[in-house]
Amino acid sequence: MRLEDFLLMRHELLLTLIAVIVLCAEIFTKEDNKLFIRPLTLVLFLAVTLIGFIPGPTGTLFGGMYKSSELQILMKNVLNIGVFIVFMQSARWLKHEDNHNKIAEFYILMLSTLIGMNFMISSGDFLMFYLGLELATIPVAALAAFDRYSNKSSEAGIKLLLSSALSSGILLYGISMLYGTIGSIYFDQVSVAYAGSPIQVLAFIFFFTGMAFKISIVPFHLWTADVYEGSPVNVTSYLSVISKGAAAFIFTIMLYTVFGSIKPLWQDVLWITSALTMTIGNLFAIRQKNMKRFLAFSSISQAGFILLGIMGGNDIGMTSVVYYALVYIFSNLGAFGVVAAISNATNGKENMDDYDGLYGTNPALSLTLMLAMFSLAGIPPVAGFFGKFFLFTAAAKEGFYWLLTIAVLNTIISLYYYLLVVKAMFINKNDEPIAHFSSDAYTKMGLAMCVFGMVIVGFASPIWEYILSLSYGVL
Amino acid sequence: MDFLTLFIVVPILTIVGIVFARNHNQVRWIAAAGSSVSMVLAAVVILRYLAERQAGNLSEFLFVADYIWYPSFNIRYTIGVDGISVAMLGLTAIVVFTGIFASWEVEYRQKEFFISLILLAGGVFGFFITTDLFTMFLFYELAVIPMYILIGIWGSGPKEYSAMKLTLMLMGGSALLVVGLLGLYFNSSPDGGLLTYNILEIAKVHIPVETQKFFFPFLFIGFGILGAMFPLHTWSPDGHSSAPTAVSMLHAGVLMKLGGYGCFRVAMFLLPEAAHELGWIFLVLTTISVVYGAFGAIMQKDLKYINAYSSVSHCGLVLFALLMMNKTAMNGAIMQMLSHGIMTALFFALIGMIYGRTHTRNIMEMGGLMRVIPFLGVAYVIGGLASLGLPGFSGFVAEMLVFVGSWQHTDTFHRVATIIACSSIVITAVYILRVVGQLIFGPVREPWYHELEDAKWFEKLSVGTLIVGIAAIGLAPLWLSDMISVSLGPIVERLDMVTLIP
Numbered sequence: 001m002r003l004e005d006f007l008l009m010r011h012e013l014l015l016t017l018i019a020v021i022v023l024c025a026e027i028f029t030k031e032d033n034k035l036f037i038r039p040l041t042l043v044l045f046l047a048v049t050l051i052g053f054i055p056g057p058t059g060t061l062f063g064g065m066y067k068s069s070e071l072q073i074l075m076k077n078v079l080n081i082g083v084f085i086v087f088m089q090s091a092r093w094l095k096h097e098d099n100h101n102k103i104a105e106f107y108i109l110m111l112s113t114l115i116g117m118n119f120m121i122s123s124g125d126f127l128m129f130y131l132g133l134e135l136a137t138i139p140v141a142a143l144a145a146f147d148r149y150s151n152k153s154s155e156a157g158i159k160l161l162l163s164s165a166l167s168s169g170i171l172l173y174g175i176s177m178l179y180g181t182i183g184s185i186y187f188d189q190v191s192v193a194y195a196g197s198p199i200q201v202l203a204f205i206f207f208f209t210g211m212a213f214k215i216s217i218v219p220f221h222l223w224t225a226d227v228y229e230g231s232p233v234n235v236t237s238y239l240s241v242i243s244k245g246a247a248a249f250i251f252t253i254m255l256y257t258v259f260g261s262i263k264p265l266w267q268d269v270l271w272i273t274s275a276l277t278m279t280i281g282n283l284f285a286i287r288q289k290n291m292k293r294f295l296a297f298s299s300i301s302q303a304g305f306i307l308l309g310i311m312g313g314n315d316i317g318m319t320s321v322v323y324y325a326l327v328y329i330f331s332n333l334g335a336f337g338v339v340a341a342i343s344n345a346t347n348g349k350e351n352m353d354d355y356d357g358l359y360g361t362n363p364a365l366s367l368t369l370m371l372a373m374f375s376l377a378g379i380p381p382v383a384g385f386f387g388k389f390f391l392f393t394a395a396a397k398e399g400f401y402w403l404l405t406i407a408v409l410n411t412i413i414s415l416y417y418y419l420l421v422v423k424a425m426f427i428n429k430n431d432e433p434i435a436h437f438s439s440d441a442y443t444k445m446g447l448a449m450c451v452f453g454m455v456i457v458g459f460a461s462p463i464w465e466y467i468l469s470l471s472y473g474v475l
Numbered sequence: 001m002d003f004l005t006l007f008i009v010v011p012i013l014t015i016v017g018i019v020f021a022r023n024h025n026q027v028r029w030i031a032a033a034g035s036s037v038s039m040v041l042a043a044v045v046i047l048r049y050l051a052e053r054q055a056g057n058l059s060e061f062l063f064v065a066d067y068i069w070y071p072s073f074n075i076r077y078t079i080g081v082d083g084i085s086v087a088m089l090g091l092t093a094i095v096v097f098t099g100i101f102a103s104w105e106v107e108y109r110q111k112e113f114f115i116s117l118i119l120l121a122g123g124v125f126g127f128f129i130t131t132d133l134f135t136m137f138l139f140y141e142l143a144v145i146p147m148y149i150l151i152g153i154w155g156s157g158p159k160e161y162s163a164m165k166l167t168l169m170l171m172g173g174s175a176l177l178v179v180g181l182l183g184l185y186f187n188s189s190p191d192g193g194l195l196t197y198n199i200l201e202i203a204k205v206h207i208p209v210e211t212q213k214f215f216f217p218f219l220f221i222g223f224g225i226l227g228a229m230f231p232l233h234t235w236s237p238d239g240h241s242s243a244p245t246a247v248s249m250l251h252a253g254v255l256m257k258l259g260g261y262g263c264f265r266v267a268m269f270l271l272p273e274a275a276h277e278l279g280w281i282f283l284v285l286t287t288i289s290v291v292y293g294a295f296g297a298i299m300q301k302d303l304k305y306i307n308a309y310s311s312v313s314h315c316g317l318v319l320f321a322l323l324m325m326n327k328t329a330m331n332g333a334i335m336q337m338l339s340h341g342i343m344t345a346l347f348f349a350l351i352g353m354i355y356g357r358t359h360t361r362n363i364m365e366m367g368g369l370m371r372v373i374p375f376l377g378v379a380y381v382i383g384g385l386a387s388l389g390l391p392g393f394s395g396f397v398a399e400m401l402v403f404v405g406s407w408q409h410t411d412t413f414h415r416v417a418t419i420i421a422c423s424s425i426v427i428t429a430v431y432i433l434r435v436v437g438q439l440i441f442g443p444v445r446e447p448w449y450h451e452l453e454d455a456k457w458f459e460k461l462s463v464g465t466l467i468v469g470i471a472a473i474g475l476a477p478l479w480l481s482d483m484i485s486v487s488l489g490p491i492v493e494r495l496d497m498v499t500l501i502p
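Going down the list, the protein sequences come from chains A and B.
Heads up: the first sequence at position 111 corresponds to 111 in this note's numbering, and the numbers run straight through without jumps.
Heads up: the second sequence at position 163 corresponds to 163 in this note's numbering, and the numbers run straight through without jumps.
Hint data in this document are derived by calculation from the structure and do not stem from the laboratory.
Remember, it's a predicted structure, so these values are computed and weren't measured experimentally.
Check before you lean on any hint, since a few could be wrong.
[Said to hold, decoys possible] BS3-like, lysine-lysine: derived pairs with alpha carbons at most 30 Å apart:
id : chain 1 : residue 1 : chain 2 : residue 2
1  : B       : Lys165    : B       : Lys111
2  : A       : Lys397    : A       : Lys289
3  : B       : Lys301    : B       : Lys456
4  : A       : Lys423    : B       : Lys213
5  : A       : Lys423    : B       : Lys327
6  : A       : Lys34     : A       : Lys349
7  : A       : Lys429    : B       : Lys111
8  : A       : Lys397    : A       : Lys95
9  : B       : Lys165    : B       : Lys301
10 : A       : Lys34     : A       : Lys102
11 : A       : Lys289    : A       : Lys429
12 : B       : Lys111    : B       : Lys213
13 : A       : Lys349    : A       : Lys444
14 : B       : Lys460    : A       : Lys429
15 : A       : Lys30     : A       : Lys95
16 : B       : Lys460    : B       : Lys111
17 : A       : Lys397    : B       : Lys204
18 : B       : Lys327    : B       : Lys204
19 : A       : Lys397    : A       : Lys34
20 : A       : Lys349    : A       : Lys429
21 : A       : Lys95     : A       : Lys159
22 : A       : Lys289    : B       : Lys165
23 : B       : Lys111    : A       : Lys444
24 : B       : Lys213    : A       : Lys397
Excised from the complex, chain A in its bound form:
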């Protein structure tokens, strides 16, 4: 391997390096100084995130198994930003008694799944794709069960593991069918040879199922609410944003490149699943009082909107997916950040009724959560408005106006439950609201980054233009 080859895999290699450093730090320190691992990891990860933005070479490796293009590098950078914010927000939680001795494990597991996602995004054949997918899934199951003293956490871990195993199995079955009919697992060769014969269509359906599970599309969403509720808040935020975002990215790329020849077919499939996902996600979210379940169902509904963008099949479609993922990272992590801060400070209060009257005691947190809710609902001037509007534009470009009508009506339904949170904080009266508390610097910075992102991204048109310049539609 030459130097250029190392540079091609710089994201993955740097992340592996950090994981090794954290592991060493864990091994060579005593029980009581574990806390310094937090700032160590944060600084290293920040460095890696920033280095990721430095332009570098692109190309393929390992005979085409690993592909790196500017678009894929951008996707990895977006994920890095998200994970950095998750790390910031989890700093406080890791200080807890129970988690004292597991700090390094948390970071290593997170980094492992991130590496897996990076490989998945950069895959050039189905084997690399599957390796990445598995590497991304298994550590997350361990993370979901991180809270050893909680039944729900263990339940979440098992549910995630079993459902992932099943869906990965189905996915693999589909891949094997493709290999059986085409004789190659390289994306380039499959996309050329893909003929749309019945068994190949079946293969596509199985592939779709596997990915649909990861993105929590209806009817493959049943694991989501329980896993999100049982996992620790920070793991939930990671699952709902990063994991979903990465899956959406690779899904888009594969639909546009590998399965491009059956575009009408997957547009139909996406039409139905998108409408179902948005609607059912919304209808269930209305009834939720537990903030984690609430955000879980809301994120199912958001996935439906992302499908709307993918359905476009054009360059606006791909751009809107990446752009929306960025906006979604800031909005959802902002919401989860506030929920986490409150949960940590009040010993586990996660119910919407506990949030009544929050504005009186914790105005900054309330305003942050309000901005996040508006962004998720798609209200201007926060970034969520622009993200949603561009997703709609992608669908409208292909003429899917009736689906668009369903989508915008779903936006209104979602507005209802997002406003319920705003109502609780600002309008409802409470004799014993959550007392004023001050968060530590990490949490504050994490939330500040989210707010900054939500406010600025919409108005900063160069971000969109840059992503558009790298995107492509179905060829």
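Place chain B on chain A using the hints.
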């Protein structure tokens, strides 16, 4: 910086000023100062506009500025005004100014109240100065969402319910608008060239009639919900009644006019064939609104509900006149927008002041207010007479134009609709005079009424400004009507053109 952007900059600066204000008094004076500056700006714009037209400038929009924002979508920040926008800016400025003074004594979370109010005002100003559909839509949604906070926190009665219903229905309207706007965007270039969101550019394109008929309902219903078109007007009575005074003033006075404005500027101007072919459906609905709103007002005992239903009726008249699609009627529609805007602001301000004194809004429980609070009593009578359409006030001018214009249609359908809508004048008279008789005249209902304090200086300022407004338009409407008429030219021309094509 170009002149029109100041309309957005001034509210932003006012909000910043309020955030940094240190005490109760500073907050409201900063808000008052900001709104006064907006009033001055509006006056300057009107004068400069008239001067430009005098000088012979014939372009459709004046004071135009254009900045590219999203090059790949051709989304631009394009601003410009014509006679109608200028008039609407004036209306907004007056209502915001008087609204701030009507809320002089708000105490609870005062900063947040004024910030939300000014944000609302900024959104509305922005809507009227832009001519790019995306930016217009952004300001439109921006103007709706502070309503939820304002009604939910500072409202009265079933405020949470009203706030949620209002917000969801209005955002429902804007949801439909998204579909319509995207439809316009993707049809804005016939030969596959550059797509655009600019209103004037899209107006030059002939969109196929079938496509027009698909998108016209989305746009008209979307804007119509805001204009309280039957049967989607149900957010209005609860919304207005639960809202605090200034919010009702702004909402009924200005926001509902955004609906009418959007209807003709976007839906009818850009999709003229569909407007002709599908207009009759909406004409039926708006005629029902006019009469239904008036009848609804008769049934009510709560002052605010009476006024809310009255607003449904008057705003229905606006849409009714717009759908007549000739110059006189449309001129009447715009005049009605202005006239009713100021009138309803006056009413809501007065109701707020009366409520603050008698602590009830039920007309059966009040009486004889003329003797104890004469200033407010006289103001209420003037407002009532203007609402009836008494000559000398703006209501007469507007309704005259509307009905003369709509009668110009000679076919039975339009004539019947006109007659039905005209009957609303009588019904309006019933509920207005009944309220005035019961509330203002007659014996003093409660002995402690004699202790009531008449209008304070800020209340006098608020109410006085609005009365001057109604009277000015009523007594000297020609300059206004001419200004509007000239700007209606292109729109009416476009609507007429399509009927000439066989």
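Verification of the hints:
For the hint pairing lysine 165 of chain B with lysine 111 of chain B, the CA-to-CA distance comes to about 25 Å; that is within 30 Å, so the pair holds. Simply put, lysine 397 of chain A and lysine 289 of chain A have alpha-carbon atoms about 37 Å apart, too far for the 30 Å limit, and the pair is violated. A hinted pair counts as satisfied when its Cα atoms are at most 30 Å apart, and lysine 301 of chain B with lysine 456 of chain B qualifies at roughly 27 Å. At roughly 39 Å between alpha-carbon atoms, lysine 423 of chain A and lysine 213 of chain B are farther apart than 30 Å, so this suggested pair is violated.
Between lysine 423 of chain A and lysine 327 of chain B the CA atoms are separated by roughly 45 Å; this puts the pair beyond 30 Å, and the hint is violated. A hinted pair counts as satisfied when its Cα atoms are at most 30 Å apart, and lysine 34 of chain A with lysine 349 of chain A qualifies at roughly 27 Å. In summary, the hint linking lysine 429 of chain A to lysine 111 of chain B is supported, as the alpha carbons are separated by about 19 Å, within the 30 Å threshold. At roughly 49 Å between alpha-carbon atoms, lysine 397 of chain A and lysine 95 of chain A are farther apart than 30 Å, so this suggested pair is violated.
Among the hinted pairs, lysine 165 of chain B with lysine 301 of chain B is consistent with the structure: their alpha-carbon atoms are about 22 Å apart, no more than 30 Å. Between lysine 34 of chain A and lysine 102 of chain A the alpha-carbon distance is near 9 Å, which keeps this suggested pair within the 30 Å criterion. Distance hint between lysine 289 of chain A and lysine 429 of chain A is fulfilled; the C-alpha atoms sit about 17 Å from each other, no more than 30 Å. For the given pair, lysine 111 of chain B sits about 46 Å from lysine 213 of chain B by alpha-carbon distance, which is inconsistent with the 30 Å threshold.
The suggested pairing of lysine 349 of chain A with lysine 444 of chain A holds, with an alpha-carbon distance near 19 Å, which does not exceed 30 Å. A hinted pair counts as satisfied when its Cα atoms are at most 30 Å apart, and lysine 460 of chain B with lysine 429 of chain A does not qualify at roughly 35 Å. Note on lysine 30 of chain A and lysine 95 of chain A: the hinted pairing holds, with a Cα-Cα distance of about 16 Å set against a maximum of 30 Å. The hinted pair formed by lysine 460 of chain B and lysine 111 of chain B meets the criterion: a straight-line CA distance of about 23 Å does not exceed 30 Å.
The straight-line distance between the Cα atoms of lysine 397 of chain A and lysine 204 of chain B is roughly 21 Å, inside the 30 Å bound, and the hint therefore holds. Of the pairs offered as hints, the one joining lysine 327 of chain B and lysine 204 of chain B holds, with about 20 Å between alpha carbons and a cut-off of 30 Å not exceeded. A hinted pair counts as satisfied when its Cα atoms are at most 30 Å apart, and lysine 397 of chain A with lysine 34 of chain A does not qualify at roughly 54 Å. About 18 Å separates the Cα atoms of lysine 349 of chain A and lysine 429 of chain A, which keeps this hinted pair within 30 Å; it holds.
Distance hint between lysine 95 of chain A and lysine 159 of chain A is fulfilled; the C-alpha atoms sit about 27 Å from each other, no more than 30 Å. In summary, the hint linking lysine 289 of chain A to lysine 165 of chain B is supported, as the alpha carbons are separated by about 21 Å, within the 30 Å threshold. A threshold of 30 Å between alpha carbons decides the hint, and for lysine 111 of chain B with lysine 444 of chain A the separation of about 24 Å falls inside it, so the pair holds. Proposed proximity of lysine 213 of chain B and lysine 397 of chain A is supported: the alpha carbons are some 18 Å apart, at most 30 Å.
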